[in-house]
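Assemble the whole structure, with the sequences as input and the hints as a guide.
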Amino acid sequence: MPFARLFLRFVFTWILLAGLAHAGHAAAPVRLGAINPLTGKLANHGQEIQSGIEQAVDEINQAGGLAGRPVQLLSRDDQSQPETAVNQAQDLIYREKVTALTGGYVDSLVGPISQLALKAQIPYVASASLQKDLTLGGKNPFFFRISHLDGVTEPLCRFLPKVMPGKKAAILHAATPGATEFSQVLFQCLRRAGVELPLVEKFRPGTPDFAPFLLKMRSLHAEVLISAGFFPDHLILVRQIREQNIPLAAYVGPWGIAYPEFIQQMGPAAENLLGMSAWHPDFPYPGTEEASRRFSEAFRAKYGRDPTSTVMHGYTAAKVLLEAMRTVVERGAPLDGPHIADALRAADVTLPLGRVQFDAKGDPLHYRQVVVQIQNGRLVPIYPADRAQGTWIPMTGPTN
Amino acid sequence: MWAQFLIGVLSLGFFYTLTALGFSLIFGVTHAFNLAHGELIVLSGYLAYGLMKAYGWTFWMTLPLCMLLLTGVLVAMHQVLKKVGEPFELNSLVMTFGMALIAQNVMLFFFSADYRLIPSSEAAVFSPFGRASVTETHLWTFGLSSAATAAVFLMLHHTFLGKALRATIQEREAARLAGIHVDRMKGVAFAIGGMLIGLAGPLFGRLAYLHPAGGLEATLIAIVITIFAGVGHIRSLLLGACILAALESGAALVLGTNWRELVSALILIVLLLWKPHGLLVGKRSAPEL
Amino acid sequence: MKRHPISSSAVFWAVILVLAAWPLGTAHPQLVCRVFTMAFLYAVVAMAWNLTALSGLISLGHAAYFGLGAYGAALMDHYGSGHLAATLTAGALSAGLYGALCAAVFRNLRGATFALVTLAAVEIPKVIADNWESVTYGSLGLVGIRPLPLVRLGSVAIDFGTSLTAQYYALLLLLFAGTWIHGKAIHSRWGWALRAVREDEQAAGVLGVPVHLLRWTVMTLSALLTGLCGGLYAHLHGFVEPPVVFSAHLSAIPLVLSILGGRFRWFGPALGALVLYPLDQLVLHPVLPAGHAAVYGLVIVGSVLFFPKGLGSWKK
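Residue numbers (our numbering), protein chains in the order written: chain A, 1 to 400; chain B, 401 to 689; chain C, 690 to 1005.
Since the hints were made in silico from the structure, they are not lab data.
Note that beta-carbon positions come from the ideal geometry of N, C-alpha and C, so glycine has one too.
Don't take each hint at face value.
Rough simulated footprint, nothing fancy, chain C against chain B, three-plus residues with beta-carbon under 8 Å [as the list claims (entries may be wrong)]:
1) 481 to 487
2) 492 to 499
3) 505 to 511
4) 626 to 635
5) 657 to 663
6) 666 to 673
Below is the structure:
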C-alpha cells in the first residue's frame, strides 16, 4: 500500500517540522498551572476563580508577557476530591513541568497541593484558603495564600457587638473544616465581646430542610443568625426563614450571600441579608478604582457577566504570582521555585482586592473583608466605617 | 410551634414521596436500579426553569411539557437499558451510574454551574393555629404529591394495565405464564416513571435548588424511601416518607441538626431488620439485586 | 482441542509483569507511579468488595470500612504508637470489627434490603467521627498523620514516605496479596462453597456448607481488607476528614470497577481498576479539563453494553 505509506510519511514529516518550528520559536512560553473544582458541587466558585486567573494571564500576555516570554495557562479539574487534586498537581508538575501553581478553592484541596509544592520546590499561591494550620507554621516556604480566616472573622467580631448590642445570636455552620474553624473562632471572640450565643449547630451540606433548627431558634429568641454555609444552603435556609416568618434582626452569611447571582435567584427574599465580600466592582479597595474599573470592563467584555469577589481572588492570586515572576525575569535571575518564592516574600503590591504582602508563613498581612448588606437589590458595604457606603437596616420583622 | 413543625414534616414527607414515586415504580417492574434518577429530576427542573425564564410561563403550565419530555427521555433510556446483558440488575446499576455522570456534565455544559431556583412567593396563603403559615409551595407539594400518588394507586388497582403491572412486580415468571407481555410492561413502567419524574422536577427546583451535581441527594432519598416502604407499595410509600421525615425532623429538633443523619440511619436499620420487606408488607421476597 | 487461545489470565499476568518491571527500566515520570499506586489501592478495595459480592450480597456501604480504617490508623497515629504495624492493625481491626458486627446483625437480609442497610450503616461511624470532637476533632479532620516509614534492609534504606517508587512497589505487593485472596475466593474449595451459597443457600446448607459462618467470615475479611486500604490511604495522604474517607463515591467505585472488570474472574476487579483509574487520571483529565467526567461515563456505558460480563471476558 504505497499510498498509506506515503500518507504516514507525510504525517511524520509534518509532525517533525511542526516540532522543530515550535522549538525554534523565539521565546519558550512560561507555564503556569491552575487546579480548581471545575465540575461537581463547588463548580460555580471553581469556575469563577478559573476565569479570574485567565483574566490575569490574558492581561500579562497582552502587555508582552514576562520580558517577551508569553505565559501559557494549564488548567485542571480536581472534582472537589483531594486525591484527584494531588494527581493533577503531580501531572502539572512532573509531566507539564509548570513553573508555578495557583488556584484552589477549599482547604482540603489546597492543603495536599501545598505539600506537593514543597516537595517539588514549586511556588503555589492559593486563591481561597482559610484554615490556620495549613501554612504549617511557616515550614513551607513555597506556599502562599491571598486569603485567610482572620480577614473574615475579625471584621465580623467587631461589627456584630457594635451595631447590634444586646442581641442573642445563633451560629449554624456546615460540617467542613473551614466553616467549623470559622464558627469556633467566631464563637470565642463573640463570647469575649459579651454576645449571648444560646445555639450553635452544625449541618451537613446538602441538608434539604432547616425547619426544626429555625423552630428552635425562635423559641430561644435568637435574633441574629450567623450561617456559615455555602451558596445552596443559603438558598434553602433563607427561603424557609421567609416562609416561617422567623423574627430575625440580621442574617449573616460570610460565604455565598454577596453575589449578584444570589440576589438574582432569591429576588426580594434576599433583601437586607448581610454578607461578607473582599471586593466588588462598586466598592474596590481605596486607591484602586481605576484598575478595578478596567478589570471589570475587560471581564464583562470577555465573559458577559459581572465579576465577583471570588473571581477577584483568582485574579489576585495569579496576578501576584505573575508579578513576582516578572521581577525575577527582569532581574535576570533564573526563573525557578526558590527565586520566585523569594520574590513573592518581597512582594508588596496594591491590587483591587487590597494591599498584598505576605508574612513569613505565607499568609496575607492585609487581607480584610467588608461587611455588606443587600439593599434594594444592590450590595452596599456597611462596615468598617472607612469603606461604608450605607448603614445597617434591620431585617423586616414578622408582618402578620 | 408544633403546628409549624407538623406542616414542615408533612411537606418534607410529601416531597420525599414524589421524589421516590418514579423510582419505586421503575425498580419494582423492571428491577433497574436507576442511579441517574436524581439527575433526571434535576433535568426536568431545568426545563421548567428555562420555560419560566424564557417564555414567562407560570409554574403549572410547565408541568405537562416536563412530564411529556421526561417520558420521552425515559423511553429512550429504556431502549438503551434493554440492550444490557445479564445479570440485568447489577449491570443496570453500573450503566445508570455512567449515565448519571454523562447527564451531570451535559447539564453543566448547557445550564452552567450556577445555582438556580424556581421562583415562589414566601407569603403565607393562610395561617392555621395562629403563627404557623402554609405557603403556596406547601400547597403545591401536598397537591402534586397526593394527586400523583392517588393516580398511580388507582391506576395500579383499578385498571387492567395496573393489574398486569402489579403482577409483573409481584412475580415476573408467573405473570409471563399468565400471558402478560412483561417486556411491554417494562416499557410502560419507564414511561409512567418518566411522567412522575417530570412532575417531581419543577417541585424539586422550587423546594431545593437546581444544580448539575445536585441530583445525588434526590437519588438517595428515592432509594431509601422505596426500599423502606416496600417495593411497589404506593400507599406505604407516602406513609414511610412521612414517618422518615418526622423522625429526621424530630431528631434535628431534640438532638441537633448534626445528629439528623445518624437517627434516620439507625431507624432505617432497625425497621429493616424488623420488617425486611417494607413497612406494610407481609412476607414476600425482596427483588434480587 | 484445536489451538490454545491466549487465555485472558495470561494477558493479565503479562500486564502485571510489565507493571512490576517498568519503573526499573525507564526514566519514569513520578506522576505515573503515583497514579498507579492509587490504582492498586482501589484494585484491592474493589477485590475486597467483590469478596462480599461473591457470597451473593451487594454492599453499598464499603465506605464505612474504608473510613473506619482511615480513622483507626489516624487516631492510633495521633494518640498511640506511630509505628506502621500498630496503625494499620488498628485501622484494619476497627473496620473488621464493624464488619463483623454488621455481618452478624444483618445475617438474615438479602438483595436490595441488604444493600440499603449497608448504605445506612455508613452513617453511623461517619456521624460519630463528625461529632465526637474531643477525640476525632470532628469536621476539622485529623491532619499531620505520619507518612509511611523509612525501612532499613541491611545497608539499603527505603523511604516509603517520600519515594513514590517505593510506595508503588509496596502497593503492588498489596495488590498481589489481595489478588491471591480474591483468587482463593473463586478457585478453591472455599471458593466453591461461596459459589454454592451464592447460587442456592438452602441447597448449600443441605450439602453441609456452614452458610452463616461462611458469609460472616467473608464479610469480615472483606471489611478487614478495606480497612487496611483505608489505613494506607490515611498515611499516603497525611490527613483524614469525614466527608472524604466516608464519601459515597468510595462505596460506588469498587462496585463499578468490579463489574466492569468482571466479577467472576479472579483478576476482574483488579483489571477494572488498572484500566479505568489511570485512563481517567492520566488521559481524560489532561485532555478535557472540564468534560472528562462525561467521557468517563461514556466509557462505563460502552463497556457495560459491549462487555456485559466484564472486560476480563473478551476471550473465553
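Given coverage of the stretch 492 to 499 of chain B by chain C, checked by CB-CB distance under 8 Å (3 or more): Our answer is that it holds, as 6 residues pass the Cβ test (under 8 Å) against chain C, meeting three.
Counting residues of the stretch 626 to 635 of chain B that have a beta-carbon nearer than 8 Å to any beta-carbon of chain C, does the count reach 3? holds (count 3)
Confirm or reject the coverage of the stretch 657 to 663 of chain B by chain C under the rule of 3 or more residues with a beta carbon closer than 8 Å to the chain's beta carbons. holds (count 4)
Can you confirm whether chain C covers the stretch 505 to 511 of chain B, using C-beta to C-beta distances below 8 Å and requiring at least three such residues? n = 4 at 8 Å, threshold three: holds.
Are there three or more residues in the stretch 481 to 487 of chain B whose C-beta lies within less than 8 Å of some C-beta in chain C? holds (count 4)
Mind taking a look at whether chain C covers the stretch 666 to 673 of chain B? Criterion is 3 or more residues with CB to CB distance under 8 Å. holds (count 5)
Going down the numbered hints, you'll see the structure goes against none, and every one checks out.
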